[in-house]
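Protein chains in written order, with this note's numbering: chain A, 1 to 444; chain B, 1001 to 1218.
In case anyone wonders, no lab produced these hints; they're calculated from the structure.
Everything numeric in this text was worked out from a predicted model, so none of it was measured.
The beta carbon of each residue, even a glycine, is placed where N, CA and C say it ideally should be.
Any given hint might turn out to be false.
[What the hints assert, rightly or not] Residues of chain B placed beyond 12 Å of chain A at every Cβ, according to the derived structure:
id : residue
1  : S1010
2  : L1011
3  : A1073
4  : D1085
5  : N1092
6  : R1117
[Said to hold, decoys possible] Computed, partial: chain A to chain B, Cβ under 10 Å:
id : residue
7  : E244
8  : S247
9  : P248
10 : A251
11 : L252
12 : V254
13 : Q255
14 : A268
15 : S270
16 : G279
17 : R282
18 : L286
19 : V287
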Amino acid sequence: MKKLNLRIRLMLSAIAIALVVFTVAGVLSWKECQEKVAEFFDTYQLSLARGLSSTDWDDVSEYTQQISNQIIKSVHNADEEDEAIGFAVFDNIGNRIFHDNKYGKYFSPFGRNSSFSTERIGKEKWRVIRVMSTDKNFIIAVGQELDYRNEIVEEMFEEFMIPWIIGLFLMLIAMMWVLTIEFRPLNKLAKNLQNRHDSDLSPLNETDIPSEIKPLTRAVNHLLKKIDGMITRERSFIADAAHELRSPLTALKVQLEVAEMTADKPHALSDSFRKLEQGIARSSRLVEQLLILSRIESGEVFEPEILNWQQLIQQIIDEYKSEISAKQINIQNKFTKAAFLTQGNAFLISLMLRNLVDNAVKYSPNGAKIEIKLNNQSLSVCNSGIKVDEEQLSKLGQRFYRPSGQTAKGSGLGLAIVHKIASAHHCQTKFYNTKTGFCVSIFN
Amino acid sequence: MRILLIEDDSLIGDGLKTGLEKLGFTIDWFTGGNDGHEALLQTPYDAVVLDLGLPERDGLSILKDWRNRGQMAPVLILTARGDVDERILGLNSGADDYLSKPFSLKEVQARLNALLRRSSCVIKPEISYKNITFNPQTRKTFINNGEVILSPKETALLELLLLNRNKILSKETIENKLYSWEDDVSSNAVEVHIHHLRKKLGKDVVRTVNKIGYILED
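This is chain B alone, in the form it adopts within the complex (with noise of 0.2 Å):
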């Protein structure tokens, strides 16, 4: 899942950057609300991350031009108020969710889950196709109910697929959702993933349509 997030305190950035990656999150961050204005019309972000405080530009204007635009990304704010008001008024401005500094990053990974589940009309917090079972927060795969040990990336291939079952998955927006801007991608990236997903959880569970993508089919 590729979260943009735009905080302007460095080290908070760099902690939830680090620590969401770990976590399985594509992140890109920003710390200018102009730049991170600009970068969720240029991409298709899963989900937003949006500090209030930014020093160039505030998130609440930032968040309103989006949905104006019809941007529908869901919108987790940070605020650094505890004040009630800030918060229905950023829930009002098109927000989805909000988070109260300090905040502890555990709970963005579980808002940040909660939210993206809600937009793929997920309901269970575990996602399961045919005998395989995925739980997002944990970041584990079972088949069978037996583990399965998936590299960061090959599972967030698989949360990507999982969530957009019956749909077909370019290879560009694969590459675009697994990989943040400053990443290096080789060109053949994504297909040594779905080789080491069909290794690891059977030869027929994606199948690749010819020139145009993958896709995850009940």
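Bound-form chain A, shown alone (with noise of 0.2 Å):
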């Protein structure tokens, strides 16, 4: 489901929110009116009572009766509120003696003396009062009907609720205007990462805008930063590769113009040909090699898995045994069974081992001496009869970097291999000078 924009759904929680408060409210509001109107009514109706009972009752007669029903009628004014009270005066035996001429004479004599109670005359549900008179012989009944009550409840409970409706309202308005004002930095942001020209990696400005986004900001720049380390890394990889390319290109082109100048003699021509197959094996290992540092610089994930490094060291010295025993090279092999790394990518670990003999090999003088050790430590090999100077031995391990002095065939990229897979296993690479000769070391 396609979620709503942040603005619309804050807007709407609100919304949410002010009604449940609102109903709350309203509810308690409600209940508050009815009990004020209650306990108005009810004082209002006691005071009548008491009013009533403190009068002289005994001389009452039919007439009198019949001279308050015409006063009443009189002062009854058509427009005045009906406020649905009616009171009636009964002797001690029950018999109604005086009434209001309206309410009053539906009135029963009996019930609870001196408290309200709930009754039901005819259709509708009367609150009613009944009071000693003070020379208890007479029962003064007061009653309201509690339809008029429960009517000017709701008639107090709508005025009470319009303003708070108008206000909801307005504060609804004003919560639409302040979240746009708000939102106007995220949108800001967005707008900027928006209309960013493609190779623009610059920082976000971090100032001047609400902590609430500031981890976010933070967080594209670190990301920014990243790409940008990431693209410059790729930058320099390709230049020096473009770089490195030169030269073998150069050869091909140059043995090739020789090829074609030679063509009418045989001899010269295969030479030339045996140059052009060398020149192009070069360049096939070269491009090789870096595709293969790209991948790892890249941050390519490979399997890691159970190691047998017996197996693959020893693979690695058959690989090479045509080279060792031409140069009548003395290899040795001690391991421990216990490797430092014993997780990791066959295929890596394998390249790894490869460019390490093949250096070995490669640099060492005729009759040297080559020791691959591997322990719980470290795996380290070294080869006798060639030191490398103090102030290269840093510089060795960086991407086509080659020691002056060189006569052996190399793109500089073997020992920068070997630094990259190492580091992909978590590991660390040395190289140092022993009394002897030149060691490689991986440990982690």
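The task is to assemble the complex, starting from two chains supplied on their own in separate frames and drawing on the hints.
This is the structure we're talking about:
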């Protein structure tokens, strides 16, 4: 489901919360109104009953009732509100001796004394109180129709709630406006990112933004920095690679021209072809190594597996058998059962070993000794007979770096690949000279 | 023309040596900066092809040292970097021309010929002497517009004589210019080539200066 825009969602939540609060407040207000109205009219009824109870009723007769009926009729104005209150006066045996000529004539003399009760008179519910007269000879009943009270409550409630509804409406509009303003930095941020040129990786402005957006801006900036670093690395890699390919290409071009010139001399021509082949093999190896290096550098994840070091090392030694015997190199292989690294990618580890052995064989003089040592601390490949200048040691492992004074063929990528593979396995690489020669150590 | 080539890349060096030799140059090829540096101080080369990215010793420092020691030989530098700064630095350090890798053999030849022309004060790309015309780029020789077929060594000898007109060239100088260090030179090789040249181009083309050498006179 598509998520609604945050602003609209906030608005809807605000409306929902407002409605709940409004309903709760409404219900409470309704109750409060009811109570207040009941209290008010009860007091009114009670004071009327008290007033009537202190009146002398001994001399009241039929005639008095008639006179008072006429007075009430004449006093009752048409537009005067009818408060639906009535009263009746009974003597102690229950005879109605006086009433208000409207409601009181229906009241019954019997019921609880001195307290309110709800009674049904005809179809309507009435609230009635009965009080004894001061001389205990008469009972005064005062009643009010409950419907009237409810009407009053409703009217009060309505008048009470109208400002609230208007207020709520105004509040929502104000909120909408505030949200629009408050969301401006976020919109600005989005626009900034959207309108950016593809190559623009400059960080976003981190000042003048609300603290809520700061983590997001920071995260975006962090990502931008990472991408920038990655692109810089890729660029320098491509530049280095292009540069490194110039030499093999020149060799191919020049050798091809030589081949063209010697087209009529089969012996010279086959010599040229042999050199062209060498050149192509060299270029392919360079490209292959570049590709592997770029795969490792780009952070491609290689599946880890349990490593069989013994087998891997033996394979590489077998691969270099002819070179080793041609140079009369004495190769020694010392390993303990526990290796410093038990899990890794066999392809990469084997590539690392090949580069280490290749390096050792290539740069060793005839009759040198190569020692491959593996234990629970490290893997080291040492060769005797050649040392590397101290100042050049630190540069080994950088791609395309080749120490000066070399006659062996190489791209300057071998140790860079070793270094990268070690890093990919969270291991470190150390290049150092010993008393007799040069060593490369991998350890974690 | 004897050229000193200093290039550490074995395939490029080999290609340049073989190719330029086929084009009539005499090449001494060194892979190390130190040997190459020493070679120019020992032998009078007509031009130098110098790779800047040498392992032993930086090409630029070799070039500066040569110039400080008063070596005049024109130098063509080979750079692997395409950037202008390095080329400017090379030219300012005393180089006469540059080529960026990857370059073609023909271009090396053309640039070397241009450098040689300039150092011999020759203006036209074709060198003429009386009724003989020689084109250093195509290595072809003509008499009255008719082509004469000369062997590579004879061509090289003719070119040497044409570029050093009115100068007496000793037998030793000629040997030095025609043969590299690794060539076996028979004691009468120069006499044989002179003899062939005279046979093909006319008797009076080269005058022998007794016991000193040979001269091509206007």
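Against the structure, the hints:
no.: 1; hint: S1010; verdict: violated (7 Å)
no.: 2; hint: L1011; verdict: violated (4 Å)
no.: 3; hint: A1073; verdict: holds (22 Å)
no.: 4; hint: D1085; verdict: holds (14 Å)
no.: 5; hint: N1092; verdict: holds (22 Å)
no.: 6; hint: R1117; verdict: holds (22 Å)
no.: 7; hint: E244; verdict: holds (8 Å)
no.: 8; hint: S247; verdict: holds (5 Å)
no.: 9; hint: P248; verdict: holds (8 Å)
no.: 10; hint: A251; verdict: holds (4 Å)
no.: 11; hint: L252; verdict: holds (8 Å)
no.: 12; hint: V254; verdict: holds (3 Å)
no.: 13; hint: Q255; verdict: holds (4 Å)
no.: 14; hint: A268; verdict: holds (8 Å)
no.: 15; hint: S270; verdict: violated (13 Å)
no.: 16; hint: G279; verdict: holds (5 Å)
no.: 17; hint: R282; verdict: holds (7 Å)
no.: 18; hint: L286; verdict: violated (12 Å)
no.: 19; hint: V287; verdict: violated (15 Å)
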